[in-house]
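Quick mapping for you: the protein sequence lines, in order, are chains A and B. So for the first sequence, numbering that gives the first Met the number 0 puts the first residue at 0; every next one is plus one. So for the second sequence, numbering that gives the first Met the number 0 puts the first residue at 0; every next one is plus one.
There may be inaccurate statements among the hints.
For lysine-lysine, the following DSS-like pairs were computed, each having C-alpha atoms within a straight-line distance of at most 30 Å [to be verified]:
id, chain 1, residue 1, chain 2, residue 2
1, A, Lys290, B, Lys15
2, B, Lys194, A, Lys55
3, A, Lys301, A, Lys290
4, A, Lys301, A, Lys2
5, A, Lys2, B, Lys141
6, B, Lys194, A, Lys33
7, B, Lys242, B, Lys212
8, B, Lys141, A, Lys33
9, B, Lys15, A, Lys301
10, A, Lys154, A, Lys183
11, B, Lys215, A, Lys2
12, B, Lys194, A, Lys120
13, A, Lys125, A, Lys33
14, A, Lys125, B, Lys194
15, A, Lys121, A, Lys229
16, A, Lys120, A, Lys55
17, A, Lys209, A, Lys55
18, A, Lys2, B, Lys15
19, A, Lys33, A, Lys301
20, B, Lys15, A, Lys33
21, A, Lys291, B, Lys15
Rather than coming from a laboratory, the hints here were simulated on the basis of the structure.
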Amino acid sequence: MAKDRFQGHDYYLMDELLTEEHRLIRDSVREWIKRDVSPIIEDYAQRAEFPTQIIKGLAEVGAFGPYIPAEYGGGGLDQISYGLIMQEVERGDSGVRSTASVQSSLVMYPIYTYGTEEQRKKYLPKLATGEMMGCFGLTEPDHGSNPSGMTTHFKDAGDHVILNGAKMWISNAPFADIAVVWAKDENGDIRGLVVERGMEGFSTPETHNKWSLRASATGELVFDNVKVPKANIFPTIKGLKGPLGCLNSARYGIAWGAIGAAMDCYDTALRYSQERQQFGRPIGGFQLQQKKLAEMITEITKAQLLTWRLGVLKNENRATPAQISMAKRNNVNMALQIAREARQMLGGMGITGEYPIMRHMMNLESVVTYEGTHDIHLLITGMDVTGFNAFT
Amino acid sequence: MKILVCISNVPDTTTKINFSDDAKSFVTAGVQFIINPYDEIALTRALELTEAQGGTVTVLHVGDASTEPTIRKALAIGATDAVRVNAAPRDAYFVAKQIAAYAKDQGFDMIMTGRESIDYNGSQVASMVGELLDQPSISIVKVLNVEGTTATLEREIEGGKEVITCPLPLVVSATEGMAEARIPNMRGIMSARTKPLTTIEAIEVPSLQQFVKYDKPAARSQVKLVAADDVKGLVDLLHNEAKAI
Ligand SMILES: Cc1cc2nc3c(=O)[nH]c(=O)nc-3n(C[C@H](O)[C@H](O)[C@H](O)COP(=O)(O)OP(=O)(O)OC[C@H]3O[C@@H](n4cnc5c(N)ncnc54)[C@H](O)[C@@H]3O)c2cc1C
Ligand SMILES: Cc1cc2nc3c(=O)[nH]c(=O)nc-3n(C[C@H](O)[C@H](O)[C@H](O)COP(=O)(O)OP(=O)(O)OC[C@H]3O[C@@H](n4cnc5c(N)ncnc54)[C@H](O)[C@@H]3O)c2cc1C
Numbered sequence: 000m001a002k003d004r005f006q007g008h009d010y011y012l013m014d015e016l017l018t019e020e021h022r023l024i025r026d027s028v029r030e031w032i033k034r035d036v037s038p039i040i041e042d043y044a045q046r047a048e049f050p051t052q053i054i055k056g057l058a059e060v061g062a063f064g065p066y067i068p069a070e071y072g073g074g075g076l077d078q079i080s081y082g083l084i085m086q087e088v089e090r091g092d093s094g095v096r097s098t099a100s101v102q103s104s105l106v107m108y109p110i111y112t113y114g115t116e117e118q119r120k121k122y123l124p125k126l127a128t129g130e131m132m133g134c135f136g137l138t139e140p141d142h143g144s145n146p147s148g149m150t151t152h153f154k155d156a157g158d159h160v161i162l163n164g165a166k167m168w169i170s171n172a173p174f175a176d177i178a179v180v181w182a183k184d185e186n187g188d189i190r191g192l193v194v195e196r197g198m199e200g201f202s203t204p205e206t207h208n209k210w211s212l213r214a215s216a217t218g219e220l221v222f223d224n225v226k227v228p229k230a231n232i233f234p235t236i237k238g239l240k241g242p243l244g245c246l247n248s249a250r251y252g253i254a255w256g257a258i259g260a261a262m263d264c265y266d267t268a269l270r271y272s273q274e275r276q277q278f279g280r281p282i283g284g285f286q287l288q289q290k291k292l293a294e295m296i297t298e299i300t301k302a303q304l305l306t307w308r309l310g311v312l313k314n315e316n317r318a319t320p321a322q323i324s325m326a327k328r329n330n331v332n333m334a335l336q337i338a339r340e341a342r343q344m345l346g347g348m349g350i351t352g353e354y355p356i357m358r359h360m361m362n363l364e365s366v367v368t369y370e371g372t373h374d375i376h377l378l379i380t381g382m383d384v385t386g387f388n389a390f391t
Numbered sequence: 000m001k002i003l004v005c006i007s008n009v010p011d012t013t014t015k016i017n018f019s020d021d022a023k024s025f026v027t028a029g030v031q032f033i034i035n036p037y038d039e040i041a042l043t044r045a046l047e048l049t050e051a052q053g054g055t056v057t058v059l060h061v062g063d064a065s066t067e068p069t070i071r072k073a074l075a076i077g078a079t080d081a082v083r084v085n086a087a088p089r090d091a092y093f094v095a096k097q098i099a100a101y102a103k104d105q106g107f108d109m110i111m112t113g114r115e116s117i118d119y120n121g122s123q124v125a126s127m128v129g130e131l132l133d134q135p136s137i138s139i140v141k142v143l144n145v146e147g148t149t150a151t152l153e154r155e156i157e158g159g160k161e162v163i164t165c166p167l168p169l170v171v172s173a174t175e176g177m178a179e180a181r182i183p184n185m186r187g188i189m190s191a192r193t194k195p196l197t198t199i200e201a202i203e204v205p206s207l208q209q210f211v212k213y214d215k216p217a218a219r220s221q222v223k224l225v226a227a228d229d230v231k232g233l234v235d236l237l238h239n240e241a242k243a244i
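Please take these sequences and the hints and turn them into a complete structure.
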């Protein structure tokens, strides 16, 4: 890949809404991505391999549980810091951001929010340093958008439970040390439990041949009579609100992350349009290309404002799940459209790994699908404004 | 070991440079400022030395309050504490006088600077501080090691390298090769919140020089292509237009 010459874009001087510490956090992650991720990521994506050597760096820049309190190894930072970290990591690659989102919002968040003190102490500090990696098992082969239909279940067996079933499309599964798994108890209530690698009957086969998130490892979780100690069950949380709480946090991060991918595509296309000459002048001078660029920066700016406001609401504990859905849906779609337009602006070069655009574009096909599909988030907004449920 | 690292606050290398209408000052609006890269190298080496041998690293900056993000970054990278001399850095002599005034009774084993700041490229502060404090000053150092009370330094010279030993205390200006600059990590950023950043007032220093005006290099002119067999045309252009022959 060509040298990473990325520069942030801040058309409405949004930086003035950030604190000095927010900017330092963002700029540090940006520098780290340029140094340790951009030079290798294209190669790993081409080979469909997760670059495990960056785990330590991700932990150091704060990508693992930045908002978890410091006493459990987290950063104790606010939600805007979390958002900015996700933005910068996804500017590098959505697959790398996926690993960070899963670790922070889908593994550390539930253990911190629903876990016992013993569970917090046992897992959180190691998850924060990346010494231990986690994954999140909600989706099943027959239950994606409709997780409440899940069939993975467990039965009481004294001091432990016996877990059976299978999860699919699980990010980080192939190398994760622990899995936060959502399964039904004997009453049919959805419960969360921590399954550890090495437990008998637990396996994590890798999913191959993806055209998207190729630098992220995806796999299945298979539970064949796995004995899970009762101490690994989250004690009180019951029902779909358990996993949905995690998804809210992850979706919020994705709304920021998508801006990163969009800015990288825009930045690449803008620079290319100023340097590439056709018909004797830079292609950036043609109206058709300016239309694309002008619309891109407009959409990025709108997304930045949306996300910043959502961050303020989240800091004040006032962001509703429906508001988060709107931002996730809008921003990911925005990034996907920008990636497609930007790719065209690079002509033939746009399809190569010399530039990051096509990788972002393919990655975003997963991002627009996971954590609630584009359609599902629309139905959430629709239900929120009309009061009618259009899901079933 | 007690080390003072002097940092300057300079425009990011990608900045488009503009001057005021009267050509007397650099326009800072919209400019992103960073720690001078050579100073970051000095800071990193100072941290490596104190991490290995014990000690403290103080960063000092002469500048107004708007430069505090740069100082905070130095603390996030790992400096122990920071001092800001509250004054616009008028010229090298002014800055060197402030540094010397602060450092003279603090007992630093070493004062480090970058080889030059990448804005005005004066390369003068380190030597002036050495002179003002009556300490040896060694410039543009690539390798710096300290054992006990002796520093061993390497400099690149025409056609080879120079190895120097020098007793502490001394003044050193750093260049590439001395250390690899570090990116602040989250722990560093969090701990920087509570590290002391003291502001002191500047001492009076007479103005020895005046900046008259700044000019940007002339814009590069368009290339004119001359057909390979048109020797007469080429000579004509070189003689009449470029006035080179
Ligand atoms: C790379 C990748 C990583 C992932 N990582 C994880 C992970 O770590 N953990 C995890 O648990 N899951 C993960 N997922 C799963 C992801 O969350 C699901 O793919 C997603 O929820 C959609 O489910 P599905 O694929 O079964 O699609 P389906 O639910 O079968 O949807 C198919 C289509 O039907 C539409 N549709 C469904 N219901 C309705 C309706 N009521 N009205 C209108 N349209 C509807 C959808 O919008 C979609 O367009 C990952 C997926 C991918 C691709
Ligand atoms: C896989 C592949 C196979 C190919 N095979 C062949 C082949 O067999 N033989 C062959 O000869 N070529 C081949 N090509 C080249 C292909 O035809 C060119 O990529 C195409 O013509 C575009 O040229 P470019 O890539 O130089 O893009 P550019 O011409 O640089 O275009 C870049 C962008 O600028 C825009 N643009 C350019 N001019 C203007 C204008 N005046 N006004 C507004 N917008 C403008 C374009 O629409 C585009 O969005 C192949 C390309 C690919 C990707």
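Right, here's what the structure says about each hint:
1. A:Lys290 - B:Lys15: Within the cut-off at roughly 25 Å; holds.
2. B:Lys194 - A:Lys55: Distance of about 25 Å is within 30 Å: holds.
3. A:Lys301 - A:Lys290: holds, 17 Å
4. A:Lys301 - A:Lys2: Since the Cα atoms of lysine 301 of chain A and lysine 2 of chain A sit roughly 28 Å apart, the hinted pair holds (cutoff 30 Å).
5. A:Lys2 - B:Lys141: The hint holds at about 26 Å.
6. B:Lys194 - A:Lys33: Holds. Lysine 194 of chain B to lysine 33 of chain A sits at ~28 Å (cutoff 30 Å).
7. B:Lys242 - B:Lys212: Given pair lysine 242 of chain B, lysine 212 of chain B holds - Cα atoms ~28 Å apart, limit 30 Å.
8. B:Lys141 - A:Lys33: holds, 25 Å
9. B:Lys15 - A:Lys301: Status holds; Cα separation ~27 Å.
10. A:Lys154 - A:Lys183: holds, 9 Å
11. B:Lys215 - A:Lys2: holds, 28 Å
12. B:Lys194 - A:Lys120: holds, 28 Å
13. A:Lys125 - A:Lys33: holds, 26 Å
14. A:Lys125 - B:Lys194: This hinted pair holds, its Cα atoms lying about 27 Å apart.
15. A:Lys121 - A:Lys229: holds, 15 Å
16. A:Lys120 - A:Lys55: Given that 30 Å is the threshold and the Cα spacing comes to 20 Å, the pair holds.
17. A:Lys209 - A:Lys55: Judged against 30 Å, a Cα distance of about 26 Å means the pair holds.
18. A:Lys2 - B:Lys15: With a Cα-Cα distance of about 20 Å, the restraint between lysine 2 of chain A and lysine 15 of chain B holds, given a limit of 30 Å.
19. A:Lys33 - A:Lys301: Judged against 30 Å, a Cα distance of about 26 Å means the pair holds.
20. B:Lys15 - A:Lys33: The hint holds at about 22 Å.
21. A:Lys291 - B:Lys15: holds, 25 Å
Of the numbered hints listed earlier, not one is contradicted by the structure.
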